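**Q** The listed protein sequences derive, respectively, from chains A and B.
If you want my numbering, it's the 1-based position in the first sequence plus 4.
If you want my numbering, it's the 1-based position in the second sequence plus 105.
By construction, these hints were calculated from the structure, which means they are not laboratory data.
Model, not experiment: these values are computed from the prediction.
Where a beta carbon is used, it is the ideal one built from N, C-alpha and C, also for glycine.
The reader is advised that the hints may include incorrect statements.
[Said to hold, decoys possible] Mimicking SDA-like on lysine to any residue, the simulated pairs with C-alpha atoms at most 25 Å apart in a straight line are:
#1 K125(A) - R118(B)
#2 K85(A) - R67(A)
#3 K198(A) - E126(A)
#4 K119(B) - R140(A)
#5 K269(B) - T237(B)
#6 K114(B) - L119(A)
[Said to hold, decoys possible] Partial selection, computed: residues in chain B whose CB lies under 7 Å from chain A:
#7 V112
#8 K114
#9 R118
#10 E394
#11 T400
#12 I401
#13 N404
#14 I487
#15 V488
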Amino acid sequence: MAFIELNNVVKNYAKGSEVVHVLQDLNLSLEAGDFLALMGPSGSGKSTLLNLIGGIDQPTAGRVVVAGSELGSMSSSQLAKWRSESIGFVFQFYNLLPFLTAQRNVELPLLLTNLNGSQRKENAMTALRTVSLDDRAKHKPGELSGGQQQRVAIARAIVADPQILVCDEPTGDLDRQSAQEILALLEILNEQFKKTIIMVTHDPLAAEHAKNILHLDKGVLVESGQTEVAT
Amino acid sequence: MTGVGFVWKNLYRKKTRTFLTFFCLFIAFLLYVALGSIAVVFSLDTVSGELGANRLQTSAKYSMIDDIPKRYVDEISQLDGVELVTHMSWFGGYYQEPSNMLVTFPVDPSTFFRVYPEYEISDEHLTAFLETRRGMVAPIETVERYQWKVGDIIPIGSDIYAQKDGNYTWEFELVGYYTPSQEGMSAVLLQFDYFEEANAFGPGSVGWLAIQIADPELAPELAQKIDSMYINSSDPVRTATESESNRQFLAQYGNITLMMSGILLAVFFTILLVCANTMAQAFRERIAELGVLKTIGFNDFRLGFWMLSEAILLSVLPAIFGVVFGMGLLMAVGSSGAAAMFVPTPPMPVLLSTAASSLALAAGLGVLVGAIPALSTTRMTIVDAMHA
Ligand SMILES: Nc1ncnc2c1ncn2[C@@H]1O[C@H](COP(=O)(O)OP(=O)(O)OP(=O)(O)O)[C@@H](O)[C@H]1O
Ligand SMILES: [Mg+2]
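Work out the full structure: start from the sequences and follow the hints.
**A** Structure below.
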């Protein structure tokens, strides 16, 4: 079985009396260490698919197996624990807590571990160093640029050392320069730190940083070949 | 940073709003402790207690500060089951300045100390009181406070009674003192005979009667009998046991306990709304954040618990300050002589139990106000939070 495997996944949303069919009989399998770019028009279900893989939403039908866990059979608190250990999330709008410093934002996931205060702080600083922002540890999000905030968000995503990073348009709100930095960082995390990355993007240039690209259209996956062969 | 730190930082992030809510609750709990303790004191039988069980009080039916005819003393004395009747009048006295208020009653010394054995007086002072036309006795504390000496002529002003020449300042000779055997007995006692002949309204009236009865069991029956004797006269009366009539007396002053309860209820209803509003806003502002925290892996229960803790902190912290300040205030007022006349200082156990009930109330308020945001936090799904 593949590292991430979706079999015959269906996702519908009930909107009042109407049913929105978002994903239809979707199959996907990804190996560990992959870096997948997921593209597709707005409303095609990219975020929905990401949410299913990240264990923050459940499929209407079908099976989602990620890193050996069958997500459909887990309770909400089991899923929460699983997410804290296995997945790092990066969002388009960073989603940092505005009243906490960069360091404390990064430390947040470690509150769910058994680490003591000084270990948590140390790990948070290590993660900030990885994204080259250790000199901004005491700054609050409001005092950082968009690109810097996204790097803090990436530090938060990797601080608990998950195997998988799930990124929903991580460069969607950034200028070209900052976007390049983020993408370079994701490549390092994929190649050196062996993170499996799934990234939603609208930007073909961003997608080129990935090892594979998939297109989602009206809830159906369309293969579009490999961009470059991994070394 | 820990969970506690996180809750704390959350509380602190809207400083003005948190401060205003705190201040509101601080004032409310200060009022609660101050008024609450006093209300308890008013409802306690601090003066009479057990001793009053065999005493009835008879006063004018419609207002306890009205007079009743003095002949009632003799008439009631004739009744079966009545051992002794004495009478008192409200003099409204003060020493030198109206602010030096004294609780002052003209009494009949020959019966008063027999009906009220808890006023302990030596035979020598009692004899002097009986034999001195302008005699007066005071509790030992009052004598010491004003540095009076036995034999001094003391000017006592009255808010109610002038002498026949129109002068409101009376002169009495201090012939002795008594030792109160209970907290709260502080009346200065005047010779009634002199008061009766010298006051401008003339003789024949007394304020109220204290009736010593043989058997406390018969109290209700006797009280009814006395009231019915005068029901069709021009001066009907109302008779009750002493503790009951103390309560009625206090009730005349605007029904203090009820009034205080009313105020407190209004205050708490208001702060309930204030707190509920603060927490509801806090929740609404944080829906997206809560979604992020859930995504990271904080489980529903923990986040709900944090929300609830925040609400409890929001109400318990200012309550602690309010309680401490309220207690301090009461003790400060209680130790200043003049004000202590009007505001009885609650005894320590009353204060402590009021403090404990305040904190319990604050915690309850926190739970009440935090319950809905906490439940909503628990139930909210990540997908909904992100779409909000
Ligand atoms: N919670 C929800 N309730 C109802 N409908 C939803 C919900 N979430 C998503 N949808 C619907 O599902 C469809 C796919 O949404 P999704 O967010 O996955 O699209 P997307 O591909 O990420 O689009 P975008 O590129 O604009 O982010 C949309 O039509 C959307 O309206
Ligand atoms: Mg999307």
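**Q** Take the hints in turn and mark each one as holding or not.
**A** Checked hints:
1. A distance of roughly 22 Å separates the Cα atoms of K125(A) and R118(B); the hinted pair therefore holds under the 25 Å criterion.
2. Between K85(A) and R67(A), the direct Cα distance comes to roughly 20 Å. Compliance with the 25 Å bound is thereby established for this hinted pair.
3. Restraint check: the Cα-Cα separation between K198(A) and E126(A) comes to about 22 Å, which is no more than 25 Å; the hinted pair holds.
4. Using a Cα cut-off of 25 Å, the hinted pair K119(B) and R140(A) holds, with the two alpha carbons roughly 24 Å apart.
5. Using a Cα cut-off of 25 Å, the hinted pair K269(B) and T237(B) holds, with the two alpha carbons roughly 20 Å apart.
6. This hinted pair checks out: K114(B) and L119(A) have alpha carbons roughly 21 Å apart, not beyond 25 Å.
7. Interface hint status for V112(B): violated, as the beta-carbon distance to the closest one in chain A is roughly 12 Å, over 7 Å.
8. Because the smallest distance between the Cβ of K114(B) and any Cβ of chain A comes to about 6 Å, under 7 Å, the interface hint for this residue holds.
9. Given the 7 Å rule on beta carbons, the hint for R118(B) holds: about 4 Å separates it from the nearest Cβ of chain A.
10. About 6 Å separates the beta-carbon of E394(B) from the nearest beta-carbon of chain A, less than 7 Å, and the hint is met.
11. For T400(B), the suggested interface contact is upheld, since its CB lies about 5 Å from the closest CB of chain A, less than 7 Å.
12. Taken as an interface hint, I401(B) checks out: its beta carbon lies about 5 Å from the nearest beta carbon of chain A, inside 7 Å.
13. Taking 7 Å as the C-beta cut-off, the interface hint given for N404(B) holds, the closest approach to chain A being about 4 Å.
14. Taking 7 Å as the C-beta contact cut-off toward chain A, the hint placing I487(B) at the interface holds, the least distance being around 4 Å.
15. At a threshold of 7 Å, the smallest CB-CB gap from V488(B) to chain A is about 5 Å, leaving the interface hint in force.
In this structure, only the earlier hint numbered 7 is contradicted, and the remaining ones agree with it.
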